[in-house]
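Spelled out, the chains give:
There are 2 protein chains.
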Amino acid sequence: MTDINAIAKQFTDFYYTTFDTNRANLNSLYRPESMLSWEGSPIMGVNAIVEKITGLPFAKVQHRVTTLDAQPSSPSVASLLVSVTGLLVIDDNENPLQFSQIFQLIPDGSSYYVYNDIFRLNYG
Amino acid sequence: MTDINAIAKQFTDFYYTTFDTNRANLNSLYRPESMLSWEGSPIMGVNAIVEKITGLPFAKVQHRVTTLDAQPSSPSVASLLVSVTGLLVIDDNENPLQFSQIFQLIPDGSSYYVYNDIFRLNYG
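Taken in sequence, the protein lines are chains A and B. Going by the UniProt record's numbering, the final residue of the first sequence carries number 124, and the count climbs one at a time with no gaps. Going by the UniProt record's numbering, the final residue of the second sequence carries number 124, and the count climbs one at a time with no gaps.
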């Protein structure tokens, strides 16, 4: 599963770098049919998703990926499931928060878009 | 998404009750094409998956689900993505471990089987 892991690494590097530097640019990764579940709230479509992400109430954020797993998510289409766990540093707070995030990526030409995105903070 | 959430709840109730009481019975949920990623190790097929799960070195285990999210994972098939975070109590240890687990469920007659299963412990 080398290729899938490489794609997952490339995707998450791009996603979190963009999130941490200019969240509005994440719009290129979503489509009208994309679904986000953010801390249990369901949000659908690129516009609503980007509005949610850009409206999050912090000035500075940094994602640190701890684990990354990828698996094919369809026997017929080259879609994949990407599972991330990691730490979220918000506004230089010295106590990072643990998070889990899942992406289901669907091929779109030579690239991928996010069909499913599920984000959760993990409290101890 | 009421139905999907109800299915996810029913599935995870069954999965974790079975895991915590008689792990070998989880074989009914996997197929030869099922994929498990267990702490980063890829395992494929019902036999290898059940062997892995039943061989885990603890006598007593209890899963406590903290969050549960579900989304459709295909526009054409009634498959779904289930994301769980929670606590794992092993052998009555008083310090539960945090875990994240993702299931992709595929319809199979009137029920579902697990196509993808990704499990990770979350260390602080």
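Everything labelled a hint here was simulated from the structure, so no lab data went into it. Beta carbons: idealized from backbone N, C-alpha and C, even for Gly. Just to be clear, a hint being listed does not mean it is correct.
As the list claims (entries may be wrong) - Here are the simulated DSBU-like pairs of lysine-lysine, each with C-alpha atoms no more than 35 Å apart in a straight line:
| no. | chain 1 | residue 1 | chain 2 | residue 2 |
| --- | --- | --- | --- | --- |
| 1 | B | Lys-9 | A | Lys-52 |
| 2 | B | Lys-52 | B | Lys-9 |
| 3 | A | Lys-9 | A | Lys-60 |
| 4 | B | Lys-60 | B | Lys-9 |
| 5 | B | Lys-52 | A | Lys-52 |
| 6 | B | Lys-52 | A | Lys-9 |
| 7 | A | Lys-9 | A | Lys-52 |
To be verified - Heads up, incomplete: computed chain A residues facing chain B, CB under 8 Å, no partners named:
| no. | residue |
| --- | --- |
| 8 | His-63 |
| 9 | Thr-67 |
| 10 | Thr-85 |
- Message: When the structure is checked against the list of hints, which entries are broken? Sort them ascending.
- Response: Hints 5, 8 contradicted; others consistent.
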